[in-house]
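S.K.: Start from the sequences and build out the full structure, keeping to the hints where you can.
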Amino acid sequence: MEPELHMTESEIRHAVSDELVRDVLRERRSERRWRLIKRGMMVAAGVVFFALYLFGYAKQMGWKMIPNNEITAVIHIDGEISAGATASAEKVVPLLRKAFEAKNVKAVVLSIDSPGGAPVEAERIYQSIKVFRKKHPKPVVAVINNVGASAAYMVALHTDKIYAANYS
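Just so you know, the sequence shown maps onto residues 348 to 515 in our numbering.
Rather than coming from a laboratory, the hints here were simulated on the basis of the structure. In this text, a Cβ means the ideal position worked out from N, Cα and C, and glycines have one as well. Each hint should be verified, as a subset may be incorrect.
Said to hold, decoys possible - In silico BS3-like pairs for lysine-lysine, Cα to Cα no more than 25 Å straight-line:
{"hint": "1", "residue 1": "Lys385", "residue 2": "Lys445"}
{"hint": "2", "residue 1": "Lys481", "residue 2": "Lys450"}
{"hint": "3", "residue 1": "Lys453", "residue 2": "Lys477"}
{"hint": "4", "residue 1": "Lys438", "residue 2": "Lys481"}
{"hint": "5", "residue 1": "Lys445", "residue 2": "Lys508"}
{"hint": "6", "residue 1": "Lys438", "residue 2": "Lys508"}
{"hint": "7", "residue 1": "Lys482", "residue 2": "Lys508"}
{"hint": "8", "residue 1": "Lys453", "residue 2": "Lys406"}
{"hint": "9", "residue 1": "Lys453", "residue 2": "Lys485"}
{"hint": "10", "residue 1": "Lys481", "residue 2": "Lys445"}
{"hint": "11", "residue 1": "Lys477", "residue 2": "Lys508"}
{"hint": "12", "residue 1": "Lys453", "residue 2": "Lys481"}
{"hint": "13", "residue 1": "Lys485", "residue 2": "Lys445"}
{"hint": "14", "residue 1": "Lys438", "residue 2": "Lys477"}
{"hint": "15", "residue 1": "Lys477", "residue 2": "Lys450"}
{"hint": "16", "residue 1": "Lys482", "residue 2": "Lys450"}
{"hint": "17", "residue 1": "Lys450", "residue 2": "Lys485"}
{"hint": "18", "residue 1": "Lys438", "residue 2": "Lys450"}
{"hint": "19", "residue 1": "Lys438", "residue 2": "Lys453"}
{"hint": "20", "residue 1": "Lys445", "residue 2": "Lys477"}
{"hint": "21", "residue 1": "Lys438", "residue 2": "Lys482"}
{"hint": "22", "residue 1": "Lys385", "residue 2": "Lys406"}
{"hint": "23", "residue 1": "Lys406", "residue 2": "Lys477"}
{"hint": "24", "residue 1": "Lys485", "residue 2": "Lys438"}
{"hint": "25", "residue 1": "Lys453", "residue 2": "Lys385"}
{"hint": "26", "residue 1": "Lys385", "residue 2": "Lys438"}
{"hint": "27", "residue 1": "Lys482", "residue 2": "Lys453"}
{"hint": "28", "residue 1": "Lys450", "residue 2": "Lys508"}
{"hint": "29", "residue 1": "Lys485", "residue 2": "Lys508"}
Claimed, not checked - DEER-style ranges, computed between Cβ atoms:
{"hint": "30", "residue 1": "Ala391", "residue 2": "Lys477", "range": "14 to 22 Å"}
{"hint": "31", "residue 1": "Leu504", "residue 2": "Lys453", "range": "17 to 25 Å"}
{"hint": "32", "residue 1": "Leu383", "residue 2": "Thr433", "range": "47 to 55 Å"}
{"hint": "33", "residue 1": "Asn492", "residue 2": "Leu383", "range": "50 to 58 Å"}
M.R.: Given below as structure tokens:
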């Protein structure tokens, strides 16, 4: 024979309601946990797809994250050559240094579209070309796009070759 459990009706109701509340709380915790996991997975998937999109877009534009083959560095000298300008020695010389010191850069091209400017700035640029070329002998070519006058042509004179159209 089994022992009899004596519980009053209110105790039974109370025990059943406690068990129901615990069960509902367990179910809610489980739902909340799965909801957080689903959201986390959606965010992670979104980040992955966004990164893939950016890498695909960058590849279409010709950008490479880390070029590992031989390349030609193109340095733009656009606009007036003067202190504080986009074609100042302060901005061009670090680009030249980076191009000459990079092991995978085999040649440097100066893409020039400048009406000229300060001769001192031009001298700083072409002196740095001389110094970098002594340390890292690489061919340097100037390409005159539309205008290559005055100080811009002074820079171009210190390259190995100058390419220009008839009316540049």
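S.K.: For every hint, state whether the structure bears it out.
M.R.: Verification of the hints:
no. : hint                        : in the structure
1   : Lys385 - Lys445             : violated, 46 Å
2   : Lys481 - Lys450             : holds, 15 Å
3   : Lys453 - Lys477             : holds, 16 Å
4   : Lys438 - Lys481             : holds, 21 Å
5   : Lys445 - Lys508             : holds, 21 Å
6   : Lys438 - Lys508             : holds, 23 Å
7   : Lys482 - Lys508             : holds, 19 Å
8   : Lys453 - Lys406             : holds, 22 Å
9   : Lys453 - Lys485             : holds, 6 Å
10  : Lys481 - Lys445             : holds, 15 Å
11  : Lys477 - Lys508             : holds, 14 Å
12  : Lys453 - Lys481             : holds, 15 Å
13  : Lys485 - Lys445             : holds, 13 Å
14  : Lys438 - Lys477             : holds, 17 Å
15  : Lys477 - Lys450             : holds, 18 Å
16  : Lys482 - Lys450             : holds, 12 Å
17  : Lys450 - Lys485             : holds, 10 Å
18  : Lys438 - Lys450             : holds, 21 Å
19  : Lys438 - Lys453             : holds, 21 Å
20  : Lys445 - Lys477             : holds, 14 Å
21  : Lys438 - Lys482             : holds, 20 Å
22  : Lys385 - Lys406             : violated, 31 Å
23  : Lys406 - Lys477             : violated, 34 Å
24  : Lys485 - Lys438             : holds, 20 Å
25  : Lys453 - Lys385             : violated, 50 Å
26  : Lys385 - Lys438             : violated, 49 Å
27  : Lys482 - Lys453             : holds, 14 Å
28  : Lys450 - Lys508             : holds, 22 Å
29  : Lys485 - Lys508             : holds, 12 Å
30  : Ala391 - Lys477: 14 to 22 Å : violated, 53 Å
31  : Leu504 - Lys453: 17 to 25 Å : holds, 23 Å
32  : Leu383 - Thr433: 47 to 55 Å : holds, 49 Å
33  : Asn492 - Leu383: 50 to 58 Å : holds, 57 Å
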